[in-house]
Structure formats: C-alpha cells, structure tokens
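Colleague: Protein sequence lines correspond, in order, to chains S and F. Per this note's numbering, the first sequence starts with residue 1326, numbered consecutively. Per this note's numbering, the second sequence starts with residue 190, numbered consecutively.
Note that these hints are calculated values from the structure, not bench results. Note that the Cβ used here is the ideal one computed from N, Cα and C, for glycine as well. Treat each hint with caution, since some may be false.
[As the list claims (entries may be wrong)] Residues from chain S shown here face chain F by an in silico Cβ test under 8 Å; the list is partial:
1. Tyr1488
2. Ser1491
3. Arg1559
4. Arg1574
5. Glu1579
6. Pro1587
7. Ile1588
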Amino acid sequence: MTPPTPSAAAPLEVTDETVEKSITSPAPKATESRSPGQLAWRRFKRDRTGFTSACIVIFFFVIAITAPLIAKLYGKNPYTQYGQDAPIGTLLNDAGFPIKPNGGIDGDFWFGVEPSMGRDVFTFLLYGIRTSLMIATVTTILVTVIGVVVGITAGYLGGRTDYFVSRVIDIVLSFPSTLFFIAFTPVVYGLFYAADEEIPAWARGVCLIVLLTAFGWASIARLLRGQVLALREREFVEAAKVTGASPARIIFKELLPNLWTPILIQSTLALPAFVTAEAGLAFLGVGIQDPTPDWGVMIQRGAQFYTDDITFMIFPGVSMIIFVLAFNLLGDSVRDALDPKSKR
Amino acid sequence: MSNANPLLDVSGLTKHFPIKGGFPIRRTVGAVQAVDGLDFSVAEGESLGLVGESGCGKSTTGRLITRLLEPTGGKISYRGKDITHAGRKQLAPIRSEIQMIFQDPYASLNPRQTVGKIISGPMEINGIEPTGGREKRVRELLEIVGLNPEHYNRFPHEFSGGQRQRIGVARALALEPKLIVADEPVSALDVSIQAQVVNLLQQVQKDLGIAFVFIAHDLAIVRHFSQRVAVMYLGKIVEIADRDDLYGNPRHPYTRALLSAVPEATADDVPARERILLKGDVPSPINPPSGCRFRTRCWKATDKCASEAPPLVQVEGNKPGHLTACHYPETDGTVPAPRLSKDPQAAA
Ligand SMILES: Nc1ncnc2c1ncn2[C@@H]1O[C@H](COP(=O)(O)OP(=O)(O)OP(=O)(O)O)[C@@H](O)[C@H]1O
Ligand code: SF4
Ligand SMILES: [Mg+2]
C-alpha cells in the first residue's frame, strides 16, 4: 500500500465526468447544480420526436377537455340526428348516405354527416375522444396507484407477502383478459340491472374501468416489485436504516424518488394501450355503446359503412392512430430522457 | 488492550442465512453459516481491524453489529446494554452512536438526494437541531472531510468515487457517533485515493476519539489503521491480537499466509519473506469443513484438525490478549519472520 499523505483535508479530485461532461455547458459554478430530474428534462427538450409527440398528445387532451366548449362555438351536439331531422334529400339520400361528396363535408358539417343516423361527425368525434380518454386516464391512474402500492409492499416486505403477491400477479397476467371481458361483462351487468332495463352509460364506464383495472395493475406491480427488490439491497437504504429511519421514511424518501422513472415510463405506455383496449371492447359490443359518443363506438359504426362511405371511418381511425402513435413515441422519449442508459 | 468495560462486546455471535427451496411450499433446506460464533470487544476510541478473504463473513459481522441483520445466536452489547434483538424503537437512542461507512461509494448515496439532504438526513431522522441550523452543520462536516462546503446542493453523480466516500464519512459523522463500522471503505477506490481516505479516517479517529471496526480484505491497510486486528476465516475468528503482536508474531497458519501476501514497502536490506501460496478455494459456508475450518487448505493439517475444532485461546508463547485458534500454532522458527519496521506509524 502506498503510504498515506498528510494532505487528507485538501479538496482534491475534479468533478466526475459521467453525466456532466456530455452536456455542453461551461464548468458548473460551485453553487450551480442540476438534479437528475433537471438533466432528464434537458434531454427531453432536445428530443425533437418526443417534443412533437408531447404537443400532439397535449392537443388531444385539450380538445377532449374543452369538447363542450368547442361544440357550443361550433353550434352542434353529438346526439341530434341532423340528417334525419332534415327533409330527406337535403343531407342524406334514401339509402341513408350523405348526398354531398366526401361523407357530406361542408361548411356546416366539418367532418361530414354520419350515414343512416345522420349525426354530426365532428362533435361526435370530439365527445368520443373525451369519453375514451377519460376512461383510459382514470384506468391508468388507478392501475398505477394500485400497481405501485402492491409492488412496493411486496418488494419491501419480501418473504411470505412477496411470495403470495407474486403468485396472484402470475395468475392475473396469465388470464385471457379479452375473453374474460366478453364473457363476464354481461354477467356483471346482470348483477345490477334486469334484462329489460336500460344500462346507463356511466355504469358501463365504471364497469369498464373496474375490469380494465382489475387486469391492468399486475404488470406494473411486478415491475415495481423487482425494482424495489433491487433497490432495497442498495447500501443507501441500509445507510438510512443505520441512522434509524422508519419504514415509511425509507419508502417515501429513499425508494419512491428512485421509482418515478419506471412509474412514469409504465404509465405513459399504459395509457394508449387502454385507449385501444377500450375501443376494442366497444367494437366487440361489451364496452361503451351507441348512442354514447366514443372512439370505439365510432369505429364500430364506421366498420358497418366503410365499403360505401369510407370518410366516416377515416376520422376516428386516423385520429386514433395518430394519438396512439404519438403517445407511444412520447413514452419512448420519456424513457430515453429519464433513463439514458436504456437507449435501444 | 481489552478493557474491563468495553464499548462494544460481542460473544458467540452467529448468523446463518436460511436457504429456501421447494415448490409450492417453500421451506428451509439448508443454511449459509456466514458468521459462526464470534467473540471480540472494542474499547472506547479503539480501532479494531477485521480481515479475511472475500466471503468469510466480514460484511455480515458489520451488519450484525449495526443491527441491519438479526443475529441467529450470540450476544451483542453496547455499553453493557444488550442490543442483540432490540427492535427499531429500542435501538433509537443507540442508533446515533453506531454508524456505518459502506464499501460501494456509488450505491451508498441516494442518487436523487443532494449532498446536503444526504448528510442532514440522519439529523432529521433523529430530531437533532444543531446550533446554527442543520445546513451550517453540514457545511462544517463537508469541510471536515475535505470537500467544498459550497457543494451542498450538488447531487452524488457530480462527484468522483473518492469524493463520494468522503460524503459517506460526513454522513456517518453527522450524528457524532462513538463507534463507526467501516466496511471496506477504500476497496472500491483507486489506489492513489485509498491513502487519502484512510488518512482522513485516521484523522477523524484521532481528533474525535471515535472507535472503529475497520473491515478490510488484506492486512496492509489495517496495519496503518488499527490497534487491534482480528483475522477471520469462513465465519470464525482464527486469530486476534494487538497490531504489533499479530504482525510480529503471527501464530495461525492462515495469518501467516495473509501476511506473506502483503506487498513489501519496507527497506531493501531485509531478506525477502517467503511467500505462502494457499492452495484451493475457500470452502462453501453452506457446508464448512469439520473441526478446523482451515484444514482443507492448511499444510499442517492432521486428523486431530479434522475431528476437533481448535478453540480461540492464548496459546503458549502468546502475549496476553493474543488469541489463536490452532492446534499446532506456528513458531518463529518455522517460517521466516515477516518484516516489520520498528515503528509502523513511521512506515506508514
Ligand atoms: N442476505 C444473505 N443471504 C444469504 N447469504 C448471504 C447473505 N449475505 C451474505 N451471505 C453469504 O454469507 C457469506 C458471507 O458474506 P459476507 O458478505 O459477510 O462476506 P464478506 O467477508 O464481506 O466478503 P466480501 O469481502 O466479498 O465483501 C457469503 O457466503 C455470502 O454468500
Ligand atoms: S488447527 Fe490444524 S488445520 Fe487448523 S490451522 Fe491449525 S494446523 Fe492447520
Ligand atoms: Mg463484504
């Protein structure tokens, strides 16, 4: 061993090169410092795809939230059957298809008129996006909260709890959930409503959210369990224990700040998946149903007419593709920004 | 140097990690005998070195003392108070007095907390409000460990390994502890920086009178740091003695082997020491050898070694406080005397 030098108290090494050097900035002043979060935000801002996707996603959420306002300014609503109220031959022809070309697009009906029912496509789509995003967002929040709580509990407690929770997660993940939805939703409705009763739209929404959540929490819980299991062994957790930290403090102050990355990544990837799942279920007739405006319902309606009137299919279809694509790209960018080592 | 009233007293300390297996009902199918019956004590202000090869249970011992792990057996007392199975609440008053410095400077600091938060965390947890505020105290601590106090708001990723280890030292000092368990605090560092950190610890020990349990995997570093040294092999202490006795008169074959591996840093006029190369690997702590655990690698092993575990006693020829666990302890004549300069401090 080299003999120790007496200069122990002198500040010595220069700043670590790992992250800081790659960023084009003058040497940081002593008081200037960037948190891992700030570094991630800088990386994200420089990612053009991510930024564009974020704008698109925000745009969708804004129009979903302000749908009633937009509809008011535009002067129509998604329920009135304009095509049928008007005398035959003005908007729809005898067969129920729009008379004007391109699905009846004109100054009054920006996105055209729905075949047969004659509703306004523009407001129907706005409200449809609103319903879909609301269901998907609520589901994502529930799934994230439940997944985080279960995953952290299992990972932190370990032992029997962890073993039991992990088996439950295995079972939930191995379940054919789509089949279950189709087979089981009518049963759930049957529990609360008589066969001849009208099922209110909110009840369908709640049922969907509950079912999607019941099958959705497991994957995020499993991921977080693994992360906590790894973090729990890290020495900084032991360092906190040595100073007498309570389990609550360790979970909230030591572990959780290190888990925001996987939580954020997982939920940004989960939301578009729930949008498509919700649409798929509506399409299969077990989700939201006509006349409640909904993305999935619209696509289902569109599928009935697309050989004769493709326009009606294009609006919900293309908008959904744009949304899901943008959201997934956003998820990738969020991951790259937060976790630069995981770049593909 | 054993004291009638030691700060920390450990007797028969044992830790077996159960090995679980089986499906669907998991049960215990075996045990890793990581630590198996340790006896030692640390006096106030004393530094005890704990040395042994990788996997011999040094870290486990450190984690048992700091009560990060629950002992399987034995007794740990701190200032005469039994803390062997004390819970978090019972430990609370002692927590501030026993601190730990960790091996890995990258894993031991929370990457999401600023240096200020990391160092003031212990004070916050224990509700300590120093005069002038916590921030002032953190700045003081940063200065003590040789870092710029203005780096208060920086994050760990902005520091080098050596600097991080200094932050770890500052965190351990935040509660003004009486005993610090340092688990290989310099093993992960560059050789050039090792000396600086060891020096810092040495200074801290002298200036603040803190007792240390200094864990290391070779005898070189401990030599500069510890007044007493314990050598561990496969969960047991095989030899414990004051520094000069251990380095000057090693009795256990394993201690000799370790000493012969210490790189020479002394004068050239002494004839080169014979190097003892140990054959084979450390046996598994799941199934340790019967009798003396070192017998599978000992060049002097006999049938007695296989059947009878040698007790850790003051064998003939040892000074008081020098204990060796061997049936056939080495004598000076059997191997060339290891070199030791007259004053180890000067050699350092
Ligand atoms: N949590 C655990 N569960 C099961 N076995 C463990 C656990 N921790 C340690 N062990 C085992 O106990 C033995 C001693 O481990 P320990 O970490 O104390 O060794 P060490 O002397 O510190 O080694 P190193 O120098 O590599 O740090 C090893 O065989 C190890 O595999
Ligand atoms: S007891 Fe026997 S095997 Fe063990 S160290 Fe001594 S001589 Fe070697
Ligand atoms: Mg270790």
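Colleague: Indicate, hint by hint, whether the structure satisfies it.
Modeller: Consistency of the hints with the structure:
1. Tyr1488: Since the shortest Cβ distance to chain F is 7 Å, the answer is holds.
2. Ser1491: violated, 12 Å
3. Arg1559: holds, 5 Å
4. Arg1574: holds, 7 Å
5. Glu1579: holds, 6 Å
6. Pro1587: With a minimum Cβ separation of about 13 Å from chain F (threshold 8 Å), the hint on Pro1587 (chain S) is violated.
7. Ile1588: Constraint on Ile1588 (chain S) not satisfied, violated at 13 Å.
Of the numbered hints stated above, those contradicted by the structure are hints 2, 6, 7, listed in ascending order.
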